[in-house]
Each structure stands twice: as structure tokens, then as C-alpha cells.
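*Asks:* Here is how the chains run, residue by residue.
Protein chains: 2
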Amino acid sequence: MKNFLLMLMLFVPVISAAAIDKVERWDVFEIELKGPETGNPFTDVWVRAIFSRGETQRAAEGFYDGEGIYRVRFMPEITGTWRYVTKSNVPALNDQKGEFTCVPATGDNHGPVRVAYTYHFVYADGTPYRPVGTTGYGWAQQPEEQQNLTLKTLSGSPFNKIRMMVLPHAPSGETISCYPFMGDPELKQWDFTRFNPEYFQHLERRISDLLDRGIIADLVLFHPYDRNVWGFDRMTADEKDLYLRYLIARLGVYRNVWWSLANEYDFLHWPEKEWDRLFQFIREHDFYEHPRSIHNGSKWYDHSKSWVTHASLQNYNLTGGKGFRERYGKPVIFDEICYEGSHMEPTLNLSAREMVYRFWQGTVNGCYVTHGEAIDQQFFRRGGVFHGESVKRIAFLRRILEDSPPKGLDPRAPNWMWWNVAAGQEGRYYLLYFGPHNTSQWQLPEGGLWQVAVIDPWEMTITQPETTFAGGTVVDLPGKPHMALRLRRIK
Amino acid sequence: MKNFLLMLMLFVPVISAAAIDKVERWDVFEIELKGPETGNPFTDVWVRAIFSRGETQRAAEGFYDGEGIYRVRFMPEITGTWRYVTKSNVPALNDQKGEFTCVPATGDNHGPVRVAYTYHFVYADGTPYRPVGTTGYGWAQQPEEQQNLTLKTLSGSPFNKIRMMVLPHAPSGETISCYPFMGDPELKQWDFTRFNPEYFQHLERRISDLLDRGIIADLVLFHPYDRNVWGFDRMTADEKDLYLRYLIARLGVYRNVWWSLANEYDFLHWPEKEWDRLFQFIREHDFYEHPRSIHNGSKWYDHSKSWVTHASLQNYNLTGGKGFRERYGKPVIFDEICYEGSHMEPTLNLSAREMVYRFWQGTVNGCYVTHGEAIDQQFFRRGGVFHGESVKRIAFLRRILEDSPPKGLDPRAPNWMWWNVAAGQEGRYYLLYFGPHNTSQWQLPEGGLWQVAVIDPWEMTITQPETTFAGGTVVDLPGKPHMALRLRRIK
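Line order of the protein sequences matches chains F and S. If you read the first sequence in my numbering, its first letter stands for residue 1, the second for the next number, and so on. If you read the second sequence in my numbering, its first letter stands for residue 1, the second for the next number, and so on.
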């Protein structure tokens with residue numbers, strides 16, 4: 001190693017190649033280089049590294065991290081020895097070489113999440129990933145103490161995904177001390193070609209904290225709530241590209257990152273084609289292929305477009321989930337279904353019961369659902385602690401999901417019914433939720449022997465008789481609304 | 001009057017021109033003629049009457065009613081003296097002349113119902129008609145005693161519309177004693193060119209009974225539940241036309257008749273074009289322009305087609321109502337939203353609470369909703385009595401509707417909200433239903449003075465403080481789910 005090639009231990013899981021030349025599969029390998037500080041290092045300088053292992057080659061873009069430090073990050077997806085060489089328009093950053101060994105993943109490292117079986121997700125190692133998300137848009141820009149509280153809350157929660165903004169979010173006029181771009185906060189004038197490394201160092205620390213807890217950071221890249229606040233929504237097309245390149249180089253190496261192009265994208269009033277372009281830009285530059293979607297206000301984006309990996313919906317018609325799956329042929333996540341609370345705003349006062357029922361409706365429609373809470377300090381905005389009554393019931397549902405078939409729950413209309421209250425795997429497993437129906441009896445599918453469990457999603461009880469039942473048997477149910485049923489064929 | 005021109009008093013409101021030459025506007029005037037009984041009078045003979053009053057002329061088709069009796073019926077829509085002359089291919093029925101006086105309507109006679117204000121209905125005299133329907137598909141083919149019980153039940157109910165089949169309906173294998181066509185019930189062979197007058201005489205008596213009670217007969221002309229029962233669904237195109245002509249001539253004079261082309265039309269698997277054709281046939285032949293629609297199973301008919309007067313939906317997404325109105329630009333009636341009950345079939349075990357909540361959801365989306373009950377003998381199939389818990393709550397809602405603005409409730413998003421829980425007339429009246437939301441406060445629209453009532457749709461209470469509130473005031477609500485609010489500007 002040459003002396004201007006500095007290697008530093010940053011924070012988990014970024015691995016310094018100097019300290020250790022072994023990197024776990026899907027962890028982050030980083031090259032740190034010292035280069036020019038003059039001019040505009042964000043635009044004047046480019047650096048990338050070509051990583052190769054046998055026939056496989058990947059060109060990872062680097063980024064400037066302030067104080068003359070340039071970094072190139074890489075998430076190896078194949079075990080074995082990787083070699084690299086850097087390329088740059090600056091001699092000091094050019095033609096730097098090295099190697100490291102990618103060793104198998106251990107522990108909870110299952111790799112990044114991919115779409116699988118058309119409507120579902122798995123980790124790269126094949127472990128099922130069943131999104132059970134929550135929302136904390138501005139949690140990472142809150143005071144440090146509050147952020148730590150949020151992390152503690154998430155550790156003990158059922159949630160394995162959180163929707164969060166990359167850019168600041170302060171709908172209630174909060175001030176923040178650190179901005180993503182260099183500029184004048186008073187005058188709301190920003191230089192979108194100069195990032196503030198401190199802001200993004202902090203953000204990636206939080207992404208890493210989430211990774212430690214097995215939680216996906218569903219990163220919202222743009223949002224419409226900045227009008228007349230700071231004006232970060234006023235980037236030109238070139239500035240957006242620069243911003244996306246920076247995020248991809250810097251954050252795209254974290255295996256728990258998803259790209260959500262926007263929250264309520266339509267409220268930004270950008271042309272549809274601009275969103276198409278941004279999607280394609282990310283698809284082109286993010287060779288890790290992190291899941292990509294976009295969240296709507298009143299007008300839905302067309303999620304059938306090839307660059308969208310899954311539908312991310314704000315919608316309250318959870319029973320329509322099966323139809324939305326069919327429309328898009330992709331996984332459907334109801335990423336906003338109102339927030340539990342009693343605020344005056346209609347979106348912010350959903351009853352806890354309805355939050356729980358919507359989770360069940362979405363589930364038996366073969367979809368995924370995202371929680372949000374608007375009580376007291378409003379976790380969905382600021383993080384903190386949960387006060388609501390739905391979280392523990394969502395945890396109860398998640399335990400049931402973890403114990404369901406690995407290939408996911410698909411809407412299944414066994415031949416004795418014509419409309420959808422059931423999801424499962426044909427002839428083997430069904431989870432049914434009857435919603436507002438007084439279902440008092442249910443006929444098991446024909447054939448085999450079945451284990452039957454009556455589930456009360458609100459009371460969190462699972463009543464499972466010792467007896468098993470022959471296929472075709474009519475079993476009795478409580479005959480009251482909001483009950484669920486699990487049928488598992490055991491023979 | 002010639003001696004072969006017999007005039008008989010049939011039953012209310014068919015008025016015999018012999019007994020009385022005065023007919024109330026929108027009542028039925030009938031000419032009875034004696035003609036041939038040989039051959040096939042249904043197809044060999046045609047008779048019509050040209051009614052004229054000043055410039056206005058109407059050609060009313062007659063029909064054969066058995067035993068050599070031919071009738072031509074007419075519903076006068078303009079007061080004054082009408083003259084008529086008959087035309088026929090049979091001399092005995094041809095060139096018969098007469099006149100009668102159409103006098104103003106009295107009492108509860110408001111005329112037929114028409115679409116008005118794009119999304120609503122009014123009677124011909126301008127009185128608002130707000131459909132609050134129920135379902136009794138086969139009630140008119142039940143034993144006489146049961147039919148009388150049904151009429152008694154309806155008299156004391158909130159319902160002003162009932163969906164009912166023209167053709168027999170016996171999903172549970174009931175037998176009937178009287179068939180609509182001549183033929184062999186054992187062999188299931190029918191002559192679709194020969195109607196059974198007795199069957200239709202009975203049916204029209206029931207329609208008249210409903211008229212006496214102010215109830216619309218939403219006549220379902222075809223249905224898919226006859227497969228392997230009698231085979232009345234096997235008419236050819238020509239036979240369907242003959243059937244429709246017969247119904248229009250015979251029943252189309254009743255001002256409380258609506259045409260519903262089918263129940264779950266898609267389950268008949270006729271080509272879409274055939275339905276288009278039938279719609280156009282009715283539009284062409286029914287010059288009274290009774291409301292026309294069609295009810296779906298899984299696949300919706302395109303209600304935006306010009307011959308459809310209103311959308312008749314089987315759908316359970318009542319909160320989607322506003323969107324359906326916008327899609328079609330017509331009134332939307334949720335004509336099947338599941339049935340209250342606890343039957344094993346999922347459509348037949350809706351909880352009473354949900355039935356009531358769906359009525360409210362539909363209402364605040366500017367739509368109309370139809371009830372159905374599947375308890376015990378299953379009113380929705382056989383009529384009888386109501387056992388459910390929803391009917392009295394629907395009556396409560398109807399009283400609120402009758403006290404609402406005459407031009408109907410349209411979804412209104414006052415500027416303090418962006419999604420629809422409110423319907424009314426801008427700046428004057430709002431009815432809000434918060435569904436599963438814990439709404440604890442609500443801000444009144446700006447300006448004026450408002451009367452505020454908190455409504456509990458299940459407990460059937462209206463809490464209306466003596467105090468009035470200035471526009472813009474924030475009023476307190478119970479903060480629990482399933483509450484409603486009425487705002488009426490009084491100054």
C-alpha cells in the first residue's frame with residue numbers, strides 16, 4: 001500500500017481493508033484515498049474502482065467525503081479473492097491497486113433483499129423476507145437522544161423496514177442543525193453541487209444502526225413537504241443526477257437499503273417522464289439492484305413499468321390488494337394506510353383496531369402492509385416510542401407469518417368460495433381473515449388431514465384443538481366479526 | 001264505445017276507461033280488446049294505440065293477455081285530454097278510438113323516477129327520490145301467504161326500492177306452480193313465444209302492491225341461477241326481444257318500474273355485445289325511459305355507455321364510491337354489498353354493524369346503498385320478515401337523508417381535508433362519517449353560523465347542542481370510531 005492510500009475503520013459494517021483484508025459477503029469494503037480539496041471535488045474529480053474476481057467485474061463509483069478524502073465502496077456478492085484498481089481524472093486517485101477476500105456471511109447476514117416468486121421477497125441467501133414496516137420520516141434528523149430512543153424502540157418492535165427521508169423533513173417547522181448541501185439556510189440558497197459530508201456520514205451511521213437490527217432502510221429520495229421550508233426540492237435535472245450518483249456511491253453498498261423515489265410523488269408536480277428518467281437513472285447506476293418503488297399521494301404511478309420492482313401504495317382499500325397484485329404482477333406493499341392516533345387530521349386518527357384489521361386484510365390479499373403512528377410526538381415523523389395499541393398485535397401477526405410457508409402467501413380461492421379472504425399455498429396452508437363477516441362455519445379443502453387454528457387478531461389468541469380434521473369437514477367458528485383461521489395440512 | 005271493446009276494472013292503479021274516463025297523471029290507462037285466440041296470438045297478432053294530445057303523440061304497444069283478450073296500456077305524462085286510435089293486423093283490434101282526461105296527480109303520486117343533478121334521482125314532479133333499497137329476488141314467486149307477509153314487512157320498513165326477479169328464482173330447489181312460459185316443466189321444454197298470462201298477471205299485481213307502498217320494483221330481467229333448473233336462460237336473441245317487448249308493453253306503464261338487465265350478468269357468459277344490444281332494445285322501445293342498469297358478478301359492465309342511466313354495482317368497497325361516480329358520471333347504487341347474516345357462505349354473513357357502516361360510507365361518497373338479509377328464511381331470496389339488526393339503523397339513516405338538501409349529497413372535500421369522508425352541498429350542509437377513525441375534533445368551514453350534530457349511526461343518537469358555532473370553530477367529537485357529524489349552516 002502506498003502511503004497516501006489511507007485505510008480507516010469507520011463504523012460497522014464498513015470494513016477497513018488495512019485493518020483486515022477479509023470482508024463478509026454482502027458487507028461493505030471501502031477504499032479511502034487522499035486527493036485534492038480545491039475547486040469543487042464533487043464535480044471536478046471522478047474516481048472509481050474496478051473490482052474483479054475471475055470473470056466478474058464491477059465498476060464502483062467513489063465519492064468525496066470532505067477534507068480531501070475520497071472513498072470507493074463495494075459490496076461483494078461473491079466469495080473469494082477480489083482485486084481492484086482505481087481509475088480517476090486525478091493522478092493521486094488513479095491506478096491504486098489492492099485485493100481482499102470475501103468470506104461467507106455469518107449470523108444474521110442474509111444479504112440484500114430481492115423480489116421472488118413474483119409477489120414476494122427473499123434475502124440473497126434464500127431466506128424469506130416478509131416486510132412488516134413502520135414509518136419514521138424524519139427520525140434521523142431529530143436530536144441525538146431521540147434517535148437513540150428510536151433505535152431502542154425499533155429493536156424491541158416487530159418492524160423489519162422503516163420508511164425514512166434522505167432529505168430533511170420538518171412539517172411542523174422544526175429547525176435542524178446540519179443540512180445536506182452547502183449553502184445559506186437563512187436565504188434558502190443552496191449549492192446542489194456541494195454535498196455536506198457530515199450530513200451523509202450521520203445518515204449512513206443510522207442506516208448501519210438499522211442494519212444491525214435487521215431493519216430495511218426504505219430511503220425516500222424526494223418529498224413534497226419542503227415547499228417554503230428549505231427548498232431542497234428545487235434541484236435541476238443535472239443536480240438530481242448528481243444527488244442520486246452520490247447516494248448510490250455512498251449508501252448503495254448497504255444491503256439494507258431500498259430506494260423509494262418519493263413520498264406522495266405527485267404532490268411535487270414534476271412531469272411523469274422526469275420520474276421515469278430518475279427510475280432509469282437509478283437502475284442504470286445501482287448495479288446492486290436494490291428494490292425500487294415510489295409512493296403516491298392522490299395519483300398512482302404506473303407500477304407496471306419495468307424499472308419498478310414492487311408497488312408502494314398509499315391506499316386504504318386493503319381488500320383491493322389482490323387486484324393490485326394482478327394489475328402490476330409485482331409485490332404490493334401498502335406503505336401508507338393512515339396512522340394510528342386521534343389527531344384532528346383524518347389521516348392521523350386511525351383506530352388501533354382498524355390498523356390491525358388492515359394488516360390482516362392486506363395479508364390475506366397476498367400483500368404487505370406498513371404501520372405508522374401519530375400519537376403524542378408522532379413516531380411516523382420523529383421516531384421515539386410507540387404508544388399505540390396496534391404494535392403488539394402486528395408483532396402477533398408477524399409471528400404467524402414467520403411460521404407460514406417460505407414462498408409467501410398468495411390469494412387462494414379454494415373451490416368453495418369465489419372471493420378473497422384467504423391466502424396461502426394451494427392445498428397445503430391457508431390463512432383466512434373474515435373481516436366484518438360473522439363467519440360461523442368453514443369447510444376444509446378436500447383431502448388429507450388438517451390442523452385448524454382459530455385466531456383472534458385483536459385478543460391475540462390462537463385456539464388450536466388437539467384434534468385434526470379430515471379434508472372436507474365443516475368446522476365451527478365463533479360467528480363474530482374480525483376472526484381469522486389458519487388451516488395447515490399435516491398429512 | 002263498440003260492444004267488442006270491453007273495459008274492465010283490473011286493479012289499482014290500472015284505470016278502466018269504461019268505468020271512468022279520468023286518469024291521474026302517471027297512472028295507467030288501459031284499453032281492453034277482444035281478438036283472435038287461434039294460432040299464436042303472441043306472435044301472429046300485433047296491436048298498438050296511437051295516443052295524442054295536441055302535438056304530442058305516443059305509440060303504445062299492446063300485448064295478449066290470454067282468453068282472446070288484448071290490452072294496450074298507457075301512462076300519460078301530460079295532463080289534459082288524450083285521444084287514441086288503435087292499429088292492428090287484425091281487423092277486430094284495428095281502428096278503435098276513444099279518449100280520456102289526464103288529471104293532475106294527487107297524494108303520493110310523484111310520477112316515475114328520473115336521474116337528476118348528474119348523480120341523483122328525482123320523481124317526475126321534482127320531489128327528491130333517494131334510493132334506500134333492499135333485495136327480495138324471488139319474493140313474488142313464494143306462496144301467497146309469504147308474499148302478503150313480505151308486503152306487510154315492507155310497509156313498515158325504510159325501503160323504497162326492492163330488487164326482484166322477473167323470471168323464477170329458486171336457488172334452493174324450491175318448486176313453483178306457475179311458469180312464465182308455456183311448456184313442459186318436467187322436460188324443461190318451453191315455448192318462449194307463448195307467455196303464460198297468469199304468471200305476469202300475478203307479477204304485475206305485486207308491482208302494483210309495491211307502488212301502493214311507494215316502493216320501486218327494480219326488475220331483474222335475466223339471471224344466471226337457472227342453469228339446470230328450468231332453462232329460462234336459454235332464449236334465442238329473437239325470443240329475448242319478444243320477452244322484452246312483452247315486459248315493456250305490460251309492465252313498463254307502472255311508474256315504479258326500473259329495468260335491471262341482469263343480476264351478476266357476467267355469470268351468464270353472454271357476449272358483451274348482446275348486453276349492449278338488449279340495453280339499446282329497451283331504450284328504443286320503452287319511451288317512458290325507466291331507469292336502466294345491470295348488476296355484476298366478478299366483471300363490471302361499462303356503465304359509462306350511453307344507454308345505462310345509473311351504475312348498479314355489486315362491490316364491497318363503499319369508500320370507492322366517489323371514484324366510481326367520477327368514472328361513470330352517473331348515479332351509483334351499491335346494489336349488493338353482502339347480506340346480513342351468519343350463513344357459511346361469505347356473501348351471506350355480513351355483520352349488522354358492517355351493513356350499517358357500509359350504508360354510511362356509501363352515503364358520504366355521494367352514492368346509494370342496497371340492503372339484503374340472509375337470516376333464517378333469507379329475506380333476500382324469499383321475502384318474509386326481517387330479523388337483522390341493521391334495518392332499524394338504516395331507517396335512522398333514511399330519516400337523516402330525508403332531512404338533507406333536496407339536490408342530493410355530493411362528496412365534498414372542504415379545504416381542510418384532502419380525502420373524502422364528507423358529502424353535502426358546498427358551504428351549506430355536510431354529512432360526515434369517519435368510519436374507523438378516532439376523530440376527536442373537527443374544524444367547521446369558514447363563515448356563517450353552523451348547527452352541529454354528532455351522530456352515532458349504531459346507537460341511533462343525534463346529539464345537537466343548543467349552541468350554534470361560528471364558521472372556522474374547532475368542535476370536539478367523541479374520538480371513537482364509527483361516528484358521524486352533520487353540519488348545517490343556518491346563517
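Since the hints were derived computationally from the structure, they do not count as laboratory data. Treat the hints loosely; a few may be bogus.
A few chain S residues that don't get close to chain F, going by computed Cβ distances all over 10 Å [what the hints assert, rightly or not]:
1) ARG292
2) GLU354
3) VAL474
4) LYS480
With a cut-off of at most 16 Å between alpha-carbon atoms, the simulated EDC-like pairs for lysine to aspartate or glutamate come out as follows [unchecked claim]:
5) LYS299(S) / GLU326(F)
6) LYS480(S) / GLU326(F)
7) LYS480(S) / GLU274(F)
8) LYS480(F) / GLU272(S)
9) LYS299(F) / GLU326(S)
10) LYS480(F) / GLU326(S)
Computed from a predicted structure; not experimentally measured. Every residue, glycine too, gets a C-beta built ideally from N, C-alpha and C.
*Asks:* Enumerate the violated hints, using their earlier numbering and listing them in ascending order.
*Replies:* 2, 3, 4, 6, 7, 8, 10
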